[in-house]
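Starting from the structure of chain W, add chain B where the hints point.
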Amino acid sequence: MIEVENLTKFYGPVPALRHVSFTVDQGETVGFLGPNGAGKTTTLRILTCFMSPTSGVARVAGLDCQQNSLEVRAKIGYLPENVPLYLDMTTRRFLEFAATAKGVVRSHVREEIDRVMEICAITSVASRIIGHLSKGYRQRIGIAQALLNDPPILILDEPTIGLDPTQIVEIRALIKELGTERTIILSSHILPEVSQLCQRILIINNGQIIATDTPANLTTQLQRNLQVYLEVDGPRSEIMARIRELPGVLAVKPANGDSTYLIESKRGQDLRPELARTVVEHSWQLRELKLQDLSLEDIFMQLVTDEEPGEEQE
Amino acid sequence: MKGFWVVYRKELYRLFASPIFYVVAFIFLSLVGYFFYSSVAYYSLLSFQAGTNPFLSQQLNLTDMVLEPFFASISIILLLMVPLITMRLFAEEKKTGTAELLFTYPISDRGAVLGKFGAGVSLLLLLLLGTSPAMLLLEILTDPPWATIVGGYLGLLLMSSAFVSLGLFASSLTENQIIAAVTAFGALLLLWIIGWSESLVGPVLGSFLKYLSLFTHYDNFAKGILDSRDVLFYFLFILLFLFTTLRILESRRWRG
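Residue numbers (this note's numbering), protein chains in the order written: chain W, 1 to 314; chain B, 1 to 256.
In isolation and in its complexed conformation, chain W is listed as follows (with noise of 0.2 Å):
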């Protein structure tokens, strides 16, 4: 449904885009994740036509996004950072207009604008002023627009942020549905989000793709080592030393609190029972005894900074 093709874009000598490759099939829902500057809007941005890339190729739906611009754009529904709207319209009368521009034929676009409207829940608010709505309905005009003449793709650019957590969870419930039938991508750089809702995620910094998979294989492929937290009271440096000793063990380290620890070992091979073991041998007081699972921010961390001396060397 998307094809990218060595992608390329510099703003004057800065690139923000480099050599990105990717393609989406149809149907699926695909996360962009970035942290802020990386590329993920300059990305959305070539693909919704707004901007041309120095060099590559963009397609949907076989169309080449440069060619065959007006053609593309009738395919996407687009939510654009930040949510830009025509302030001083009204509601109704914003999505008449942004109906009739994506050629909404005329007699349709009453039922049309029901229709959006209904799905985003901004009935309640079609007579009044954007200007004087809430972020969360603005956004949620901003959602409707994009699905107006029903396209088969959406591109939605950090669709939740800025909103309250009932707003949040409203919002994502709303792209899970919509995402049953339609191929979207959004951008995020919240993870518990881009995990919740996408099939496929690609991780991307610096302008280039350094991750694409589903969240699980993220997760498992990532994982090098195992945590293991305790928690337990006596003489700080005597355990540390004791722990040390143990077979298996790469590491210790003290964690946030006063008598705890996280110590690292191998992927497959679990410490805890050795750990249990060794503290009631020295009577020291176990408190906790847990394995940690590496969560995909740590693994977005982990892939952020790895690749930022490598990309210098460059």
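Read the hints as simulated data drawn from the structure, not as lab findings. Treat the hints with care, as some may be off.
[As the list claims (entries may be wrong)] Pairs of lysine-lysine, DSS-like flavour, derived with a Cα cap of 25 Å:
| id | chain 1 | residue 1 | chain 2 | residue 2 |
| --- | --- | --- | --- | --- |
| 1 | B | K2 | W | K75 |
| 2 | W | K266 | W | K253 |
| 3 | B | K95 | W | K135 |
| 4 | W | K290 | W | K135 |
| 5 | W | K290 | W | K253 |
| 6 | B | K210 | B | K223 |
[What the hints assert, rightly or not] Reference listing, derived: stretches of chain B covered by chain W, where coverage requires no fewer than 3 residues with Cβ under 8 Å from a Cβ of chain W:
| id | stretch |
| --- | --- |
| 7 | 92-101 |
| 8 | 106-117 |
[Said to hold, decoys possible] Quick list of simulated restraints, FRET-style, between CB atoms:
| id | chain 1 | residue 1 | chain 2 | residue 2 | range |
| --- | --- | --- | --- | --- | --- |
| 9 | B | V204 | W | A61 | 56 to 62 Å |
| 10 | B | V23 | W | T214 | 54 to 60 Å |
| 11 | W | G162 | B | V23 | 29 to 35 Å |
| 12 | W | K266 | B | K95 | 54 to 60 Å |
| 13 | W | N6 | B | N176 | 51 to 57 Å |
| 14 | B | M1 | W | P165 | 42 to 48 Å |
| 15 | W | K266 | B | N176 | 58 to 64 Å |
| 16 | B | V23 | W | H189 | 39 to 45 Å |
| 17 | W | V105 | B | L212 | 44 to 50 Å |
| 18 | B | T96 | W | A121 | 21 to 27 Å |
| 19 | B | R9 | W | T123 | 22 to 28 Å |
| 20 | W | H189 | B | I179 | 32 to 38 Å |
| 21 | B | K95 | W | R287 | 29 to 35 Å |
| 22 | B | T96 | W | E288 | 49 to 55 Å |
Just so you know, these numbers come straight off a predicted model, no measurement behind them. Every residue gets a Cβ at the ideal spot worked out from N, C-alpha and C, and that includes glycine.
Positioned in the frame of chain W, the structure of chain B alone reads:
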């Protein structure tokens, strides 16, 4: 051209929904009304005097005494006001980010530019129509030369459309509305006074500069003379700036 009507209707709606139009219209019509009143009053004063002075009465005529100053005053007020109407057309869209919406809809750039230009021209047409009661008043009071009046209005419309095209261009250059307004105003002012320098730069360059002046071409219209060269000048001027605006907009894609 795809998208012309959509953009045109949206721009008109936004112009009428904001107070800017009403303030501009109020001030414009008040000023025009004042200028009209003063030239008519002056004309009638001189007419009384001419009753005792047959030589003076030969010199008096409505076109020179009322219509020409009336049209000239409108053109100067428009020179001041059009940049304020056009400044937001693209600058605001860029500033607020709505340009990203507009240009990711399946609308051609050409449609968007023409839609905005059309909306600006329609607004000016409306302002000019607002001054027509003055002409009806003349019809009641005397027997005005309607050909001159129609010519004068046609010229005003062409000239103010040229203002709009330049204002639109200025607005596409920046995302700051003030900069857009100042640029447009400065350029218009320069194009007005550029014709005055004839005696300084010599006859050849002087007549060329005079030809460039937006106002030189208006003189004929104000006298009721419809010269195709003047019409062509305005059309080319408008086309030039609409075309440049289009190019500027397209440059955003590769400039980033």
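We went through each hint and held it up to the structure:
Our distance criterion of 25 Å between C-alpha atoms is met by K2 (chain B) and K75 (chain W), whose separation comes to about 16 Å. A hinted pair counts as satisfied when its Cα atoms are at most 25 Å apart, and K266 (chain W) with K253 (chain W) qualifies at roughly 15 Å. A hinted pair counts as satisfied when its Cα atoms are at most 25 Å apart, and K95 (chain B) with K135 (chain W) qualifies at roughly 18 Å. Restraint check for K290 (chain W) and K135 (chain W): the C-alpha separation of about 41 Å exceeds 25 Å, so the hint is violated.
At most 25 Å may separate the alpha-carbon atoms for a hinted pair to count; K290 (chain W) and K253 (chain W) meet this at roughly 15 Å. A threshold of 25 Å between alpha carbons decides the hint, and for K210 (chain B) with K223 (chain B) the separation of about 18 Å falls inside it, so the pair holds. Under the rule that three or more residues need a Cβ within less than 8 Å of chain W, the assignment of the stretch 92-101 of chain B holds, with 6 such residues. By the rule of at least three residues with a Cβ nearer than 8 Å to a Cβ of chain W, the coverage given for the stretch 106-117 of chain B holds, with 3 such residues.
The hinted window of 56 to 62 Å between V204 (chain B) and A61 (chain W) holds, with their beta carbons roughly 60 Å apart. Our hint of 54 to 60 Å for V23 (chain B) and T214 (chain W) holds, since their Cβ atoms are close to 58 Å apart. A C-beta distance of roughly 34 Å is found between G162 (chain W) and V23 (chain B), which places it inside the suggested range of 29 to 35 Å. K266 (chain W) and K95 (chain B) have their C-beta atoms about 56 Å apart, which keeps the hinted 54 to 60 Å range intact.
Take N6 (chain W) and N176 (chain B): their Cβ atoms lie about 36 Å apart, and the range 51 to 57 Å is violated. The hinted window of 42 to 48 Å between M1 (chain B) and P165 (chain W) holds, with their beta carbons roughly 46 Å apart. Taking 58 to 64 Å as the suggested C-beta distance range, the pair K266 (chain W) and N176 (chain B) conforms, at roughly 59 Å. Between V23 (chain B) and H189 (chain W) the beta carbon distance is about 44 Å. The supplied range of 39 to 45 Å therefore holds.
Judged by the Cβ atoms, the range 44 to 50 Å given for V105 (chain W) and L212 (chain B) holds: they are separated by roughly 47 Å. Under the hint 21 to 27 Å, the C-beta atoms of T96 (chain B) and A121 (chain W), about 25 Å apart, fit the expected range. In this structure the supplied range 22 to 28 Å holds for R9 (chain B) paired with T123 (chain W), their Cβ-Cβ distance being about 23 Å. For the pair H189 (chain W) and I179 (chain B), the supplied restraint of 32 to 38 Å holds, since their beta-carbon distance comes to about 33 Å.
Checking the proposed 29 to 35 Å range against K95 (chain B) and R287 (chain W) shows it is violated: the Cβ atoms sit about 57 Å from each other. Checked against the given bound of 49 to 55 Å, the beta carbons of T96 (chain B) and E288 (chain W), roughly 52 Å apart, stay inside it.
Checked against the numbered hints above, the structure breaks hints 4, 13, 21 and satisfies the rest.
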